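Quick mapping for you: the protein sequence lines, in order, are chains A and B.
Residues 1 to 371 in the working numbering are what the first sequence spells out, letter by letter.
Residues 1 to 252 in the working numbering are what the second sequence spells out, letter by letter.
Quick caveat, the hints were computed from the structure, so don't treat them as lab data.
Only a predicted model underlies this, so the values are computations on that prediction, with no experimental measurement involved.
The beta carbon of each residue, even a glycine, is placed where N, CA and C say it ideally should be.
Heads up, some of the hints might be wrong.
To be verified - Distance windows between CB atoms, simulated:
no.: 1; chain 1: A; residue 1: Asn-256; chain 2: B; residue 2: Gln-13; range: 20 to 28 angstroms
no.: 2; chain 1: A; residue 1: Ile-281; chain 2: B; residue 2: Thr-70; range: 22 to 30 angstroms
no.: 3; chain 1: B; residue 1: Asn-117; chain 2: A; residue 2: Gly-339; range: 21 to 29 angstroms
no.: 4; chain 1: A; residue 1: Gln-286; chain 2: B; residue 2: Arg-172; range: 55 to 63 angstroms
no.: 5; chain 1: B; residue 1: Asp-127; chain 2: A; residue 2: Gln-286; range: 35 to 43 angstroms
no.: 6; chain 1: A; residue 1: Phe-347; chain 2: B; residue 2: Gly-40; range: 27 to 35 angstroms
no.: 7; chain 1: A; residue 1: Pro-313; chain 2: B; residue 2: Phe-14; range: 26 to 34 angstroms
no.: 8; chain 1: A; residue 1: Phe-365; chain 2: B; residue 2: Asp-127; range: 41 to 49 angstroms
no.: 9; chain 1: B; residue 1: Tyr-233; chain 2: A; residue 2: Ile-281; range: 48 to 56 angstroms
no.: 10; chain 1: B; residue 1: Phe-14; chain 2: A; residue 2: Ser-310; range: 31 to 39 angstroms
no.: 11; chain 1: B; residue 1: Thr-232; chain 2: A; residue 2: Gln-287; range: 54 to 62 angstroms
no.: 12; chain 1: B; residue 1: Asn-39; chain 2: A; residue 2: Leu-39; range: 23 to 31 angstroms
no.: 13; chain 1: B; residue 1: Lys-108; chain 2: A; residue 2: Lys-338; range: 48 to 56 angstroms
no.: 14; chain 1: B; residue 1: Gln-13; chain 2: A; residue 2: Ile-281; range: 17 to 25 angstroms
To be verified - Every beta carbon over 12 angstroms from chain A, so not counted as near; a handful from chain B, in silico:
no.: 15; residue: Thr-11
no.: 16; residue: Ser-72
no.: 17; residue: Thr-93
no.: 18; residue: Ala-149
Residue strings, one per chain:
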Amino acid sequence: MKSVLPILMRKEITQFRRNKVLPRLAMMIPIMLVLIMPLVTQMDIKNISVVVLDEDRSLLSSRIENHLANSDYFRMQESAYDYSQAVELMDQGRVDLIVSIPAHFERDMLGGYGRPISLTANAVNATKGGQGIQYASQTIISAVTEIAAETGLEAANFQSSDIRIQNRYNPTGNYRHFMLPALMIMVVLLVCTFLPLLNIMTEKEHGTIEQINVTPVSRWEFILAKLIPYWILALVMIGLAMLLAWAVYGLVPAGNPLNIFLGAFLFSLCMSGFSVIIANISNTMQQAIFVLFFFVIQFMLLSGLFTPISSMPAWAQWLTYAFPPRYVINIFRSVYLKGTLFTELWFDYTMLFVLAAAFYTLATFTYKKQK
Amino acid sequence: MTPIISVRDLTKQFGSFTAVDHISFDVYRGEIFGFLGANGAGKTTAMRMLCGLSFPTAGAGTVVGYDVRTQSELIKSHIGYMSQRFSLYEDLTVAENMALYGGIYGMKTRDIQVRVNELLDKLHFADHKDDLVGSLPLGWKQKLAFMVATIHRPELVFLDEPTGGVDPITRRQFWDLIRATAKEGTTIFVTTHYMDEAEYCDRITMMVDGTIRALDKPTTLRQQLADQLGCTYDVMTMEQVFYHLARQAKLQ
Numbered sequence: 001m002k003s004v005l006p007i008l009m010r011k012e013i014t015q016f017r018r019n020k021v022l023p024r025l026a027m028m029i030p031i032m033l034v035l036i037m038p039l040v041t042q043m044d045i046k047n048i049s050v051v052v053l054d055e056d057r058s059l060l061s062s063r064i065e066n067h068l069a070n071s072d073y074f075r076m077q078e079s080a081y082d083y084s085q086a087v088e089l090m091d092q093g094r095v096d097l098i099v100s101i102p103a104h105f106e107r108d109m110l111g112g113y114g115r116p117i118s119l120t121a122n123a124v125n126a127t128k129g130g131q132g133i134q135y136a137s138q139t140i141i142s143a144v145t146e147i148a149a150e151t152g153l154e155a156a157n158f159q160s161s162d163i164r165i166q167n168r169y170n171p172t173g174n175y176r177h178f179m180l181p182a183l184m185i186m187v188v189l190l191v192c193t194f195l196p197l198l199n200i201m202t203e204k205e206h207g208t209i210e211q212i213n214v215t216p217v218s219r220w221e222f223i224l225a226k227l228i229p230y231w232i233l234a235l236v237m238i239g240l241a242m243l244l245a246w247a248v249y250g251l252v253p254a255g256n257p258l259n260i261f262l263g264a265f266l267f268s269l270c271m272s273g274f275s276v277i278i279a280n281i282s283n284t285m286q287q288a289i290f291v292l293f294f295f296v297i298q299f300m301l302l303s304g305l306f307t308p309i310s311s312m313p314a315w316a317q318w319l320t321y322a323f324p325p326r327y328v329i330n331i332f333r334s335v336y337l338k339g340t341l342f343t344e345l346w347f348d349y350t351m352l353f354v355l356a357a358a359f360y361t362l363a364t365f366t367y368k369k370q371k
Numbered sequence: 001m002t003p004i005i006s007v008r009d010l011t012k013q014f015g016s017f018t019a020v021d022h023i024s025f026d027v028y029r030g031e032i033f034g035f036l037g038a039n040g041a042g043k044t045t046a047m048r049m050l051c052g053l054s055f056p057t058a059g060a061g062t063v064v065g066y067d068v069r070t071q072s073e074l075i076k077s078h079i080g081y082m083s084q085r086f087s088l089y090e091d092l093t094v095a096e097n098m099a100l101y102g103g104i105y106g107m108k109t110r111d112i113q114v115r116v117n118e119l120l121d122k123l124h125f126a127d128h129k130d131d132l133v134g135s136l137p138l139g140w141k142q143k144l145a146f147m148v149a150t151i152h153r154p155e156l157v158f159l160d161e162p163t164g165g166v167d168p169i170t171r172r173q174f175w176d177l178i179r180a181t182a183k184e185g186t187t188i189f190v191t192t193h194y195m196d197e198a199e200y201c202d203r204i205t206m207m208v209d210g211t212i213r214a215l216d217k218p219t220t221l222r223q224q225l226a227d228q229l230g231c232t233y234d235v236m237t238m239e240q241v242f243y244h245l246a247r248q249a250k251l252q
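If we strip away everything but chain A, and leave its shape as in the complex, we get (with noise of 0.2 angstroms):
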């Protein structure tokens, strides 16, 4: 007897076309993937409020709150006449960082005596005030440093603290290029997972899975031509991503994008495989959507997708082996961005398939033909 794969294959593509809503929604997930979630993602702060309490009323303190009125980091708020005012305008929220210069701060700067500026950030947000007293420390080491050239005179204390910043593998610190390869993979992540779910909790509930169930068309036949499909989809999705990335970010992988397919491949295979325990054994749609989000959601935060994983606390850094998407976010950042080498990433490619394979074990235990 021939093989019913290909028949029930254009049976899932036949529907899936017929569907008004999948087929676009599934088109739009990569546009807004790498034309929207870049810009929102964003974690480089801007537009942080200063006030500058300015005592000292010289060249030199002009020259610092010039060049923090001209970076793209701040903005310049309405002055303060002291200090009190000017933590009561941080209490209404309306300033994320004050910083006062005290008076003499040009004459002992340049006579040689350090005198210290005054920082004092909004740490509700603690990354905006983090990153806030750095862009400020910065700001004032360059306007210090200018005026120390134009007079001739040697600047005490900064030359020593003067803090050099290089980013390597992303040379202009573009966060974007950071999070392309990584927003990449929710494309699988969403086709892989939520489709195949639910396709099968839709035969489920309408009962066209019991009718198969009834002929001799073999489990596994049946969940792979659904699965298929979705993985041919997913890897479209990924090139038509990709091909965005370089059109409007000029962003292209510095590695061999076969390591990126492969990777994509096999994540789409480990998600896949565990939508599909999820969908047997789940009896409605609402308790399948709901598992799958559940999990979903901690595969997201777990990724090292917006927070680095060597960041996280140790338990949960080991909780990051047990699920896929960190190793496929390991090999799309490091492919896109260092060009890392296929031996180079053995470890994770091995892991994904070892995954891969648990869950297709665990499916085939949990998907009963007859009860």
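Use these hints to put chain B onto chain A, whose structure you have.
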């Protein structure tokens, strides 16, 4: 004559509840065999065991010559099945649904074409070949589901309450289809709780509380009750036979 279905002491338990309790019967080739009973009497569970959807807790049985316990996948390629719920793909067309199941049962593409046209002619439905199944009225869907269940010319077709929610005229047409199919030599195993439909069957069983309370020709069952109650056969309907037997049920 060898039976196409032969069942001995077939039992299905769900926890402490016994849905089907030691039933034994034979079904012969070419018969229309009716399985009657109230809701919850165990008809569907019994049928699901015969189709290989449900594994029996105890007992033995053969369907089309294969063991229900160990050869359920072999049974599946020789039978047709139409479930209680409508279960064709609503987003596929009439012809696509038929071709899909033809392919699933391993028919050749050319044979499928011929068979689809033959079945559609039988239904006088050739004009609607390319309509989406979801757009058809329920009566048509049920007739279509029956045709799909017989696409591969199975020896035996299981029909689980095929006429539920269908209007009387369509039900009549549906039974004409069933009888025409039986005439071609296909055995029909049908569950129903419409007592008038019982009259179309060659033999019927009455299930009450998971057991078989009566099994015979509809006319014989009516005669038996008439004799028992001391009235004439003509006034006795299947409905009364059902009431009489079902009254003994624990669940009612």
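Quick rundown of the hints versus the structure:
1. Asn-256(A) / Gln-13(B): 20 to 28 angstroms: Given about 59 angstroms between the Cβ atoms, the range is violated.
2. Ile-281(A) / Thr-70(B): 22 to 30 angstroms: Hint holds: Cβ distance 26 angstroms, inside 22 to 30 angstroms.
3. Asn-117(B) / Gly-339(A): 21 to 29 angstroms: At roughly 60 angstroms between Cβ atoms, Gly-339(A) and Asn-117(B) fall outside 21 to 29 angstroms, so the hint is violated.
4. Gln-286(A) / Arg-172(B): 55 to 63 angstroms: Roughly 40 angstroms apart at Cβ, these two residues miss the hinted range, so it is violated.
5. Asp-127(B) / Gln-286(A): 35 to 43 angstroms: 40 angstroms Cβ-Cβ, so the 35 to 43 angstroms window holds.
6. Phe-347(A) / Gly-40(B): 27 to 35 angstroms: Violated - the Cβ-Cβ distance for Phe-347(A) and Gly-40(B), about 57 angstroms, lies outside 27 to 35 angstroms.
7. Pro-313(A) / Phe-14(B): 26 to 34 angstroms: Between Pro-313(A) and Phe-14(B), where Cβ atoms are some 46 angstroms apart, the hint is violated.
8. Phe-365(A) / Asp-127(B): 41 to 49 angstroms: The hint (41 to 49 angstroms, Cβ to Cβ) holds, given that Phe-365(A) and Asp-127(B) are roughly 47 angstroms apart.
9. Tyr-233(B) / Ile-281(A): 48 to 56 angstroms: 55 angstroms, holds
10. Phe-14(B) / Ser-310(A): 31 to 39 angstroms: Given range 31 to 39 angstroms: violated, Cβ gap about 52 angstroms.
11. Thr-232(B) / Gln-287(A): 54 to 62 angstroms: About 57 angstroms separates the Cβ atoms of Thr-232(B) and Gln-287(A), which means 54 to 62 angstroms holds.
12. Asn-39(B) / Leu-39(A): 23 to 31 angstroms: With a Cβ separation near 59 angstroms, Asn-39(B) and Leu-39(A) fall outside 23 to 31 angstroms, so the hint is violated.
13. Lys-108(B) / Lys-338(A): 48 to 56 angstroms: Roughly 55 angstroms apart at Cβ, these two residues keep to the hinted range, so it holds.
14. Gln-13(B) / Ile-281(A): 17 to 25 angstroms: Since the Cβ atoms of Gln-13(B) and Ile-281(A) sit about 23 angstroms apart, the hinted range of 17 to 25 angstroms holds.
15. Thr-11: Nearest chain A Cβ is 15 angstroms from Thr-11(B), so the label holds.
16. Ser-72: 6 angstroms, violated
17. Thr-93: 9 angstroms, violated
18. Ala-149: 9 angstroms, violated
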